[in-house]
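A.B. asks: Same order as they appear, the protein sequences are chains A and B. In terms of my numbering, the first sequence opens at residue 1 and continues consecutively. In terms of my numbering, the second sequence opens at residue 1001 and continues consecutively.
Careful, some of the hints might be misleading.
Cβ-Cβ distance ranges computed for the label pairs, FRET-style [as the list claims (entries may be wrong)]:
1) His1115(B) x Thr120(A): 55 to 61 angstroms
2) Val1035(B) x Thr120(A): 16 to 22 angstroms
3) Pro313(A) x Tyr1108(B): 33 to 39 angstroms
4) Thr1022(B) x Arg306(A): 49 to 55 angstroms
5) Ser374(A) x Tyr1108(B): 46 to 52 angstroms
6) Lys1179(B) x Phe245(A): 18 to 24 angstroms
7) Asp240(A) x Glu1152(B): 16 to 22 angstroms
8) Phe245(A) x Asp1251(B): 55 to 61 angstroms
9) His1015(B) x Leu142(A): 31 to 37 angstroms
10) Ser243(A) x Ser1144(B): 52 to 58 angstroms
11) Asp1156(B) x Ser74(A): 56 to 62 angstroms
12) Glu1078(B) x Ser374(A): 56 to 62 angstroms
13) Glu123(A) x Arg1033(B): 33 to 39 angstroms
14) Asp1149(B) x Ser197(A): 25 to 31 angstroms
Computed from the model, here is a short list of chain B residues facing chain A with C-beta under 7 angstroms [stated by the list, open to error]:
15) Pro1150
16) Glu1152
17) Val1155
18) Pro1159
19) Tyr1227
20) Ser1264
21) Pro1268
By construction, these hints were calculated from the structure, which means they are not laboratory data. Note that the coordinates shown come from a computational prediction; the quantities given were computed from them, not determined experimentally. Just so it is clear, CB atoms sit at the ideal spot from N, CA and C, and this is done for glycine as well.
The chain contents come next:
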Amino acid sequence: MSADTFDIQAVSPMREGPAERKGNAVANVERSEFVLEVNNFSVDYGVGENMVRAVNDVTLHLRRSKVLGVAGESGSGKSTLVYAMTRLLRAPGVISGGSVTLNFTSRDDEKEFTTLNLVTASEKELRKIRWSHVSIVLQSALSALNPVLRVGREFDEVLKTHRPDMSKAQRRARAVELLTMVGLNDDRLARYPHELSGGQRQRIMIALALALDPDLVIMDEPTTALDVVTQREIISELHDLRSRFGFALIFITHDLSLLVELADEIVVMYAGEIVERAGASELYEAPRHPYTLGLLNSFPPLHGPRRELSGIPGSPPDLSDLPAGCNFYPRCPFAMSRCENEAPALTAIENSDRSVACWLHSSDSSVPVPVELSRTVNPARNPVTTLKERP
Amino acid sequence: MSEAVLSPAQLSARHLTRHFTTRVPGRFLTAKRVVRAVDDVSLDLFEGRVTAVVGESGSGKSVLARMLARIVTPTSGELVLEGSPIPVRSKRTLDYAAKVQLVLQDPYASINPVHRIRHSLERPLLIHGANKGEVETLAKAALSRVSLDPPERFVDRYPHELSGGQLQRVSIARALCVKPDVLLADEPISMLDVSVRLGILNLLRGLCDDERLAILYITHDIASARYIADETIVMYAGQIVERSRGTALVDEPTHPYTQLLISSVPDPSDPTSQDPQKREHATFEVANVGCRFAPRCPFAMDVCRTDDPPDFIVGEDHTSHCWLHASEPEAAVEVAPPKRRREGEPTKA
Chain A
1 MSADTFDIQA VSPMREGPAE RKGNAVANVE RSEFVLEVNN FSVDYGVGEN
51 MVRAVNDVTL HLRRSKVLGV AGESGSGKST LVYAMTRLLR APGVISGGSV
101 TLNFTSRDDE KEFTTLNLVT ASEKELRKIR WSHVSIVLQS ALSALNPVLR
151 VGREFDEVLK THRPDMSKAQ RRARAVELLT MVGLNDDRLA RYPHELSGGQ
201 RQRIMIALAL ALDPDLVIMD EPTTALDVVT QREIISELHD LRSRFGFALI
251 FITHDLSLLV ELADEIVVMY AGEIVERAGA SELYEAPRHP YTLGLLNSFP
301 PLHGPRRELS GIPGSPPDLS DLPAGCNFYP RCPFAMSRCE NEAPALTAIE
351 NSDRSVACWL HSSDSSVPVP VELSRTVNPA RNPVTTLKER P
Chain B
1001 MSEAVLSPAQ LSARHLTRHF TTRVPGRFLT AKRVVRAVDD VSLDLFEGRV
1051 TAVVGESGSG KSVLARMLAR IVTPTSGELV LEGSPIPVRS KRTLDYAAKV
1101 QLVLQDPYAS INPVHRIRHS LERPLLIHGA NKGEVETLAK AALSRVSLDP
1151 PERFVDRYPH ELSGGQLQRV SIARALCVKP DVLLADEPIS MLDVSVRLGI
1201 LNLLRGLCDD ERLAILYITH DIASARYIAD ETIVMYAGQI VERSRGTALV
1251 DEPTHPYTQL LISSVPDPSD PTSQDPQKRE HATFEVANVG CRFAPRCPFA
1301 MDVCRTDDPP DFIVGEDHTS HCWLHASEPE AAVEVAPPKR RREGEPTKA
């Protein structure tokens, strides 16, 4: 993985030329290398006294055709983050700050690059970009597909709505093409969701998400409900599709080892905040945050001697009752007195393109970094091979 | 992990079978189709040992657990509890329930949300004849056994006030209340957060080592089975396809299905786990004749499509339900139900 892949310091380039404002969308701008830019984004549930902050000050940038993995346990805010980002969040969820910028090529005019702030976009503007430019695959395919419609109808309706100029035969042909893409036979179009297995339904969801050739696909735990064998097939299918169509992907899961194989870059979330951000193999080989280390040690290995693992002590955090300092402080094996009262911010680690929110790595820390958290990546023995490398 | 001279099995299943009949509507007539959810499964649960059953959804592992708990009546086969055969056709007795307890997958659904934790723990005690005066002490003792300390903090809480991991501990405490000999755990960690899963696994392992419980651990996660089990059994479509003591099955899988299962686990430390040629498309077809895995098997031979293989010995305490091992010299003998095999076996972990 080249060093320039995750250069976050470079924010989107300066835009030149006669930018043209259409509502919230700014058209005819310089093409940004990022497909999605999220800045200081926060989401609350409820207002007033009972308010709970589910996503706190999250900043991430996703380059075109890259895979961003979001890892975290339930309650870490990973699903809330993507629902809010795509404006799918329902009350009592409230976006309380920040911006989400989507950079895409408008369909109306092939050459026109447009940037749209999703937080302030109107329903009409959102309708234009949803599915065409951003699509989403949800965890439960059974509840995402309409149980009383044949699968073919789902494809037909999407294409009919977003591509009104397509004829019925063209729509059907496109649906068959999409099914073939995800490795399903076209006789599945006449089936109802309950007649398909879990893996087949999830393939249908992926095919639907790709129906309009989006720039960004978001997948929220798409394989969690599936068996490992089916999961493996879907992941390699996904890898193929990405190399063919080059969409950017945000993949949310609690399974860190799956992400290490699939993603270019991984962010680890804890209690609504990003605690660590790094390239996939760096994160796996040399975790810097104690929580990441704990997560990696929570999966019993398939090889090597059996030894007792400890996991992470304590319980996942209660968002309505977070500690004063670092959120991970009560469970952290390396906690210091400073962690109790001061919350560390996500800061870049010197001489690297990764960042971590932990006092242990702060430059003014007097405590030496524990050996578990200061490992270095050995480039000669990099076990993460090239599932994600593309021509 | 456990080093013990084997006493007789606490609970044994002999040729346990459960078929479900489903109706397939045709154009004129409704056809009946038999689903062989569990087919001729024999296993023994010993005190102080964890036996893991690994399989995908639909492999029959949960039906097996429910038959062992006598919630589902077997179509045929028998259960032997501490040496005495159990009349499986009759209703489950209170005595049986006290000896064999089941822990379910989803703690949010298996603990009554409108009652305090106290209620969930005291009710089984009262049903099983404890004195009213002592139930509170016993309930608190059960909470301490699953490391919910101090118990006073938990007895008067409602389930929604606890996290998933804590609730699963309550669920295990509830099973332990009645002092069972056998604990059946059906996917106890799959609904829990990653960071608390190991805590539950270590708890089960501790109960097994310290209190000599016989534990059946059902899972779809073969790595967790390798982590805690003394014996591992892999099921496919209702049959046991491979079984071994210790970690032999995971370290050197001999059945093509076990190999597929292991190669599918995301494992960043193993570059071959990403071999793209492994993405052959899954058929969910289960063969009615011959080996059930044959339609998906990359090594399927003619004999696989006509005859169901017996269990071949492939190593010490290691059998594989696959014709591929028929030609191995010492393995050519058919192995009968595991009990016979066990009698002369060396005691080694």
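A.B. asks: The structure should be examined with respect to each hint, and the outcome stated for every one.
C.D. replies: Cross-check of the supplied hints:
no.	hint	result
1	His1115(B) x Thr120(A): 55 to 61 angstroms	violated (47 angstroms)
2	Val1035(B) x Thr120(A): 16 to 22 angstroms	violated (54 angstroms)
3	Pro313(A) x Tyr1108(B): 33 to 39 angstroms	violated (22 angstroms)
4	Thr1022(B) x Arg306(A): 49 to 55 angstroms	violated (41 angstroms)
5	Ser374(A) x Tyr1108(B): 46 to 52 angstroms	violated (39 angstroms)
6	Lys1179(B) x Phe245(A): 18 to 24 angstroms	violated (60 angstroms)
7	Asp240(A) x Glu1152(B): 16 to 22 angstroms	violated (57 angstroms)
8	Phe245(A) x Asp1251(B): 55 to 61 angstroms	violated (39 angstroms)
9	His1015(B) x Leu142(A): 31 to 37 angstroms	holds (35 angstroms)
10	Ser243(A) x Ser1144(B): 52 to 58 angstroms	holds (55 angstroms)
11	Asp1156(B) x Ser74(A): 56 to 62 angstroms	violated (25 angstroms)
12	Glu1078(B) x Ser374(A): 56 to 62 angstroms	holds (59 angstroms)
13	Glu123(A) x Arg1033(B): 33 to 39 angstroms	violated (49 angstroms)
14	Asp1149(B) x Ser197(A): 25 to 31 angstroms	violated (44 angstroms)
15	Pro1150	violated (15 angstroms)
16	Glu1152	violated (18 angstroms)
17	Val1155	violated (17 angstroms)
18	Pro1159	violated (14 angstroms)
19	Tyr1227	holds (4 angstroms)
20	Ser1264	holds (4 angstroms)
21	Pro1268	holds (4 angstroms)
The structure fails hints 1, 2, 3, 4, 5, 6, 7, 8, 11, 13, 14, 15, 16, 17, 18 (numbered hints given earlier, in ascending order).
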